[in-house]
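Colleague: First to last, the sequence lines map onto chains A and B. Take 1 as the starting number for the first sequence in this note's numbering and just add one per residue. Take 1 as the starting number for the second sequence in this note's numbering and just add one per residue.
Quick caveat, the hints were computed from the structure, so don't treat them as lab data. It is possible that part of the hints are untrue.
Same chains, same label: a pair holds when it works inside one copy or across any pair of copies.
For lysine to aspartate or glutamate, the following EDC-like pairs were computed, each having C-alpha atoms within a straight-line distance of at most 20 Å [unchecked claim]:
1. Lys148 - Asp30
2. Lys39 - Glu154
3. Lys202 - Asp131
4. Lys118 - Glu130
5. Lys19 - Asp190
6. Lys39 - Glu84
7. Lys19 - Glu147
8. Lys39 - Asp99
9. Lys202 - Asp119
10. Lys170 - Asp190
11. Lys100 - Glu198
12. Lys46 - Glu35
13. Lys170 - Glu130
14. Lys202 - Asp151
15. Lys46 - Asp119
16. Lys170 - Asp157
17. Lys39 - Asp141
18. Lys197 - Asp52
19. Lys118 - Asp131
Okay, here's what each chain looks like letter by letter:
Protein chains: 2
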Amino acid sequence: MIITIGRQLGSGGRDIGKKLSEAMNIAYYDRELIEITAKESGLNRKLFEEADERARTGFSAGILGMRVPFLSEGGIACGGLSNEMLFQIQSDVIRSLADKQPCVFIGRCADYILRDRKDCFSVFICANEEDRIRRIISYGDNSIPVEKARDLMERGDRRRAAFYNYYSNKTWGEASSYHVCINSSVFGVDGTVSLLKEMMGKVSFYSE
Amino acid sequence: MIITIGRQLGSGGRDIGKKLSEAMNIAYYDRELIEITAKESGLNRKLFEEADERARTGFSAGILGMRVPFLSEGGIACGGLSNEMLFQIQSDVIRSLADKQPCVFIGRCADYILRDRKDCFSVFICANEEDRIRRIISYGDNSIPVEKARDLMERGDRRRAAFYNYYSNKTWGEASSYHVCINSSVFGVDGTVSLLKEMMGKVSFYSE
Numbered sequence: 001m002i003i004t005i006g007r008q009l010g011s012g013g014r015d016i017g018k019k020l021s022e023a024m025n026i027a028y029y030d031r032e033l034i035e036i037t038a039k040e041s042g043l044n045r046k047l048f049e050e051a052d053e054r055a056r057t058g059f060s061a062g063i064l065g066m067r068v069p070f071l072s073e074g075g076i077a078c079g080g081l082s083n084e085m086l087f088q089i090q091s092d093v094i095r096s097l098a099d100k101q102p103c104v105f106i107g108r109c110a111d112y113i114l115r116d117r118k119d120c121f122s123v124f125i126c127a128n129e130e131d132r133i134r135r136i137i138s139y140g141d142n143s144i145p146v147e148k149a150r151d152l153m154e155r156g157d158r159r160r161a162a163f164y165n166y167y168s169n170k171t172w173g174e175a176s177s178y179h180v181c182i183n184s185s186v187f188g189v190d191g192t193v194s195l196l197k198e199m200m201g202k203v204s205f206y207s208e
Numbered sequence: 001m002i003i004t005i006g007r008q009l010g011s012g013g014r015d016i017g018k019k020l021s022e023a024m025n026i027a028y029y030d031r032e033l034i035e036i037t038a039k040e041s042g043l044n045r046k047l048f049e050e051a052d053e054r055a056r057t058g059f060s061a062g063i064l065g066m067r068v069p070f071l072s073e074g075g076i077a078c079g080g081l082s083n084e085m086l087f088q089i090q091s092d093v094i095r096s097l098a099d100k101q102p103c104v105f106i107g108r109c110a111d112y113i114l115r116d117r118k119d120c121f122s123v124f125i126c127a128n129e130e131d132r133i134r135r136i137i138s139y140g141d142n143s144i145p146v147e148k149a150r151d152l153m154e155r156g157d158r159r160r161a162a163f164y165n166y167y168s169n170k171t172w173g174e175a176s177s178y179h180v181c182i183n184s185s186v187f188g189v190d191g192t193v194s195l196l197k198e199m200m201g202k203v204s205f206y207s208e
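In isolation and in its complexed conformation, chain A is listed as follows (with noise of 0.2 Å):
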């Protein structure tokens, strides 16, 4: 079973994936797919960190004040490789992961890129404004302002969205796109985890 979780930045997704890969005792992957993707491709691997700072949350980015291009479309990423080229190496390594142990993928549009496989079950994360807000401010050492923090989030769901719509078929963040969605805020985190948890043993893929 491959687990995909996207997520709205401050939704808990990243925590609940981590903890539901820990309570299955599987693989998790998230920012390791960057170490990975370097060493497979053979290519420098500051090339995949800035493609996926670019195409990530702008979080840190935003903090410092940093300006963060927009997701260029079919623009150039340093070193003469396109977005398009990166996202498609970084895929090759996901599908390639998937196949051989069970894991959870955190983003990077997994579910969209492992769509023709049966076993992958494919979770979207949201929650409340005001605790994606107060997460929010905890990454950033509990010293942003509230209203920085939900500029940081609107920021978080453009961004996500535009990287998703792009490179897949379907609508980031809208229930059809996945084939579960868990309003993170309703069983928080640990509640969570153990609801997916137990899903896992039911899917069926069942069509009436």
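Place chain B on chain A using the hints.
Modeller: Coordinates of chain B only, in the frame set by chain A:
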């Protein structure tokens, strides 16, 4: 516990809601609301039936080739009562039913109408396209072609989205508008019912 169920046309959401209400031995309100609203308001049942038809899937009308007007914004419904007024009357009935006993509401923006209740759990049901089309064809006594079913499916989604997005402050079918979204193709109708029943026992509306 109040459960509200939004759903894509052909997702089996209505069956799931009905079976869930039976499994939990609680009341179930779908079109029953029309009768109750007419009775409570003292207004003609036909008024609510027609408003419901305008807001609903357009399914039967679609099959019969009738023209179903788009939900008019602020338009006047027959009898001189606006759609908004009929919606408000129905909303009052939904709130008063929810006050009386645990129950399941299908559609009608019940999740938005009951948003201030702490015990309201909102669900959205979607399904894979092939399952939805098969189900829509079966609603039409297996006498409609696939392309017609696909057209009804797409128009049904647009109509439900228009109704929900107009009357609520949320977006229909978006994960973050609901507490849990489930693709019924993954667990089947009965599997989804038992999953939801289990979830009910775990809702904590927990904020970490």
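Colleague: All the hints need checking, so say for each whether the structure fits it.
Modeller: How the hints compare with the structure:
| no. | hint | verdict |
| --- | --- | --- |
| 1 | Lys148 - Asp30 | neither (25 Å within a copy, 43 Å between copies) |
| 2 | Lys39 - Glu154 | neither (34 Å within a copy, 45 Å between copies) |
| 3 | Lys202 - Asp131 | between (29 Å within a copy, 19 Å between copies) |
| 4 | Lys118 - Glu130 | between (36 Å within a copy, 16 Å between copies) |
| 5 | Lys19 - Asp190 | within (8 Å within a copy, 28 Å between copies) |
| 6 | Lys39 - Glu84 | within (19 Å within a copy, 61 Å between copies) |
| 7 | Lys19 - Glu147 | neither (30 Å within a copy, 44 Å between copies) |
| 8 | Lys39 - Asp99 | within (18 Å within a copy, 60 Å between copies) |
| 9 | Lys202 - Asp119 | within (12 Å within a copy, 27 Å between copies) |
| 10 | Lys170 - Asp190 | neither (28 Å within a copy, 27 Å between copies) |
| 11 | Lys100 - Glu198 | neither (23 Å within a copy, 33 Å between copies) |
| 12 | Lys46 - Glu35 | within (9 Å within a copy, 65 Å between copies) |
| 13 | Lys170 - Glu130 | between (27 Å within a copy, 16 Å between copies) |
| 14 | Lys202 - Asp151 | neither (39 Å within a copy, 32 Å between copies) |
| 15 | Lys46 - Asp119 | neither (32 Å within a copy, 49 Å between copies) |
| 16 | Lys170 - Asp157 | both (15 Å within a copy, 16 Å between copies) |
| 17 | Lys39 - Asp141 | neither (32 Å within a copy, 57 Å between copies) |
| 18 | Lys197 - Asp52 | neither (28 Å within a copy, 40 Å between copies) |
| 19 | Lys118 - Asp131 | between (34 Å within a copy, 16 Å between copies) |
The structure does not agree with the numbered hints 1, 2, 7, 10, 11, 14, 15, 17 and 18 stated previously, though it agrees with the rest.
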